[in-house]
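Visitor: Please put together the full structure from these sequences, using the hints given.
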Amino acid sequence: MQLQDKVALVTGGASGIGRGAALKFAQEGARVGLIDVTPDALEEAAAEVDAAGPGAIPLLADVRDPAALDAAVAQLIDRFGRLDILLANAGINGVWAAVDDITPDEYDQTMDINLKGSFLSINAALPHLRKAGGAIVITSSVNGTRMFSNCGASVYAASKAAQLALGKMLAIELARDRIRVNVICPGSVRTNISRNTTHRGRENLRYLRQAPAGNVPLTDGEPATPEQVARVLLFLVSDMASHVTGEVIYIDGAQSLLFG
Amino acid sequence: MLLEGKVALVTGAASGIGRATALRFAQEGARVGLLDFNPDTLDEAAAEVDAAGPGAVPLLADVRDPDALAAAVAQLTERCGQLNILFANAGIPGVWAPVEDITSDQFDRLISVNVKGTFLSVQAALPALRARGGSIVITSSVTGTHMYSDSGASVYATTKAAQLAFGKMLAFELAQDRIRVNIVCPGGVTTNILDHITYRNLEKLPSRIEHTGGVPLTDGEAATPDQIASVVLFLVSAEASYVTGEVVVVDGAASILRG
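Those protein sequences? They're chains A and B, same order as listed.
The numbering of the first sequence is my numbering, which starts it at 744 and goes up by one.
The numbering of the second sequence is my numbering, which starts it at 924 and goes up by one.
Calculated directly from the structure, the hints in this document are not laboratory data.
Glycine is no exception: its CB is placed at the ideal position from the N, C-alpha and C atoms.
Where hints are given, some of them may not hold.
To be verified - Pairs of lysine to aspartate or glutamate residues, derived as DMTMM-like cross-links and limited to a Cα-Cα distance of at most 20 Å, are as follows:
no.	chain 1	residue 1	chain 2	residue 2
1	A	K859	A	D848
2	B	K1039	B	E1023
3	B	K1039	B	D973
4	A	K874	B	D1142
5	B	K1039	B	D988
6	B	K1091	A	E946
7	A	K911	B	D1142
8	A	K859	A	E849
9	A	K874	A	D963
Claimed, not checked - Where chain B lies over chain A, by a calculated footprint (3+ residues, C-beta under 8 Å):
no.	stretch
10	813–825
11	970–976
12	987–1000
Guide: So this is what it looks like as structure tokens:
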């Protein structure tokens, strides 16, 4: 039980990587608050996480809304008394299209959820993390940090690069408060994020790529399971990584060695 | 018990990071072969690791010697029946001096222990690792990969950069054999490696920038060997089953502060 007596907050906790991480944290003894925007999926995820550990609560909030985030954190503290771990994970792929086919509003939506949402989540959690030290992990991506060949994903990639820079800057800034800040960069993961991607006219872009033996060398193309990503997140927020901060961990089965 | 039933080979295992990692592996259920060239400390380390887990074997060998490495691996697999994990960790700091004061022999020695030693250790372990997939971790450093301001460490840094590139190339090459390869880059660690640096004429070099604290996370405290060992344990375990070709810096953010 690596997270006994800890309290964790996971944004984007209703599905995919966030849900897998919330479940893993609970199995390791943490009480968990799950933030998401879809009420039904959130309730279902929170019930599953609750059953797997010492307690979980659904926190309905949009990460673009600072007042909603503050209320969610207040509710979590009220219920569990403390906060040790923040997984700033909520994110969308948004519109993948030629750059001149992306509207300013679509740009804003991707940036607001992925980047500003991380900023606001951290700000909401920080007063409580500061009390006893803690750990923050931000979900970035191979796209925008090591891979730049997913044509059409330019805005998504920009948001992911920005999240990485935010995380590394905060690692230094928050070191004196004994808050470790790390970043994960998953490659392809078996989640529903790609179903929620709006592809528009990408077939007109050149250089859409495919390797003969699949895109992931370690698995002949199989994506990671959310569980495989969750185990890395558990490591980063646990004492096993007590001297690891400002670090970026790629979970991609060597995909980013194959594609730049 | 993250390594139940596994067999690990650790080079440079008689001291520092290697010894702490061998111990950690044993505590997690692995049988461990400890390879080093220093017989006195090797026996002592192997006894400690043996007492902490299901078994440990001291393997006296120089990582520059392919025959000695092959014999060590044969001895380990004969004893334990398999090999799942290689921690290629043996390394020396060598001579830290202005570049014109480093001799060709000193250059060769550093490259052959750190880089060729890694190459030869991987080659020796590979047939056994291929049998059922496995995991390799290589000890590089922040110096030469994330930091370039340690005065006089130019050759040491070169070896560490080379080890990183070698590891990433191997991650790709060995993926089809389901062998994961990752690299750990420690910052300052409380080992005796600093005692083994031969410093020479450093006063001729620009002094590096000293920031308050040096290590932001700990106000300057170096990592303990166990803090590196727990990261290596994570990387070789099934917890990191989708992680390969990855470089993990363990430096309390020191390399963000100082390049």
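Visitor: Decide, hint by hint, whether the structure agrees.
Guide: Going down the list of hints, with the structure as the test:
Under the criterion of a C-alpha separation no larger than 20 Å, the hint pairing K859 (chain A) with D848 (chain A) is consistent with the structure, at around 15 Å. For a cut-off of 20 Å, the pair hint linking K1039 (chain B) to E1023 (chain B) is broken: about 23 Å separates their Cα positions. Distance check on the hinted pair: K1039 (chain B) and D973 (chain B) sit about 29 Å apart at the alpha-carbon level, beyond 20 Å; violated. For the hint linking K874 (chain A) to D1142 (chain B), the alpha-carbon distance of about 18 Å falls within 20 Å, and the restraint holds.
This hinted pair checks out: K1039 (chain B) and D988 (chain B) have alpha carbons roughly 10 Å apart, not beyond 20 Å. Note on K1091 (chain B) and E946 (chain A): the hinted pairing is violated, with a Cα-Cα distance of about 32 Å set against a maximum of 20 Å. Of the pairs offered as hints, the one joining K911 (chain A) and D1142 (chain B) holds, with about 18 Å between alpha carbons and a cut-off of 20 Å not exceeded. Among the hinted pairs, K859 (chain A) with E849 (chain A) is consistent with the structure: their alpha-carbon atoms are about 14 Å apart, no more than 20 Å.
A C-alpha spacing of about 45 Å is found between K874 (chain A) and D963 (chain A), which places the hinted pair above 20 Å, so the restraint is violated. Only residues whose beta carbon comes within less than 8 Å of a beta carbon in chain B count, and the stretch 813–825 of chain A has 0; fewer than three means the coverage is violated. For the stretch 970–976 of chain A, the assignment as covered by chain B holds, since 4 residues bring a beta-carbon within under 8 Å of that chain's beta-carbons and 3 suffice. Three residues within the 8 Å Cβ limit are the bar, and the stretch 987–1000 of chain A against chain B gives 12, so the coverage statement holds.
Checked against the numbered hints above, the structure violates hints 2, 3, 6, 9 and 10; every other hint is satisfied.
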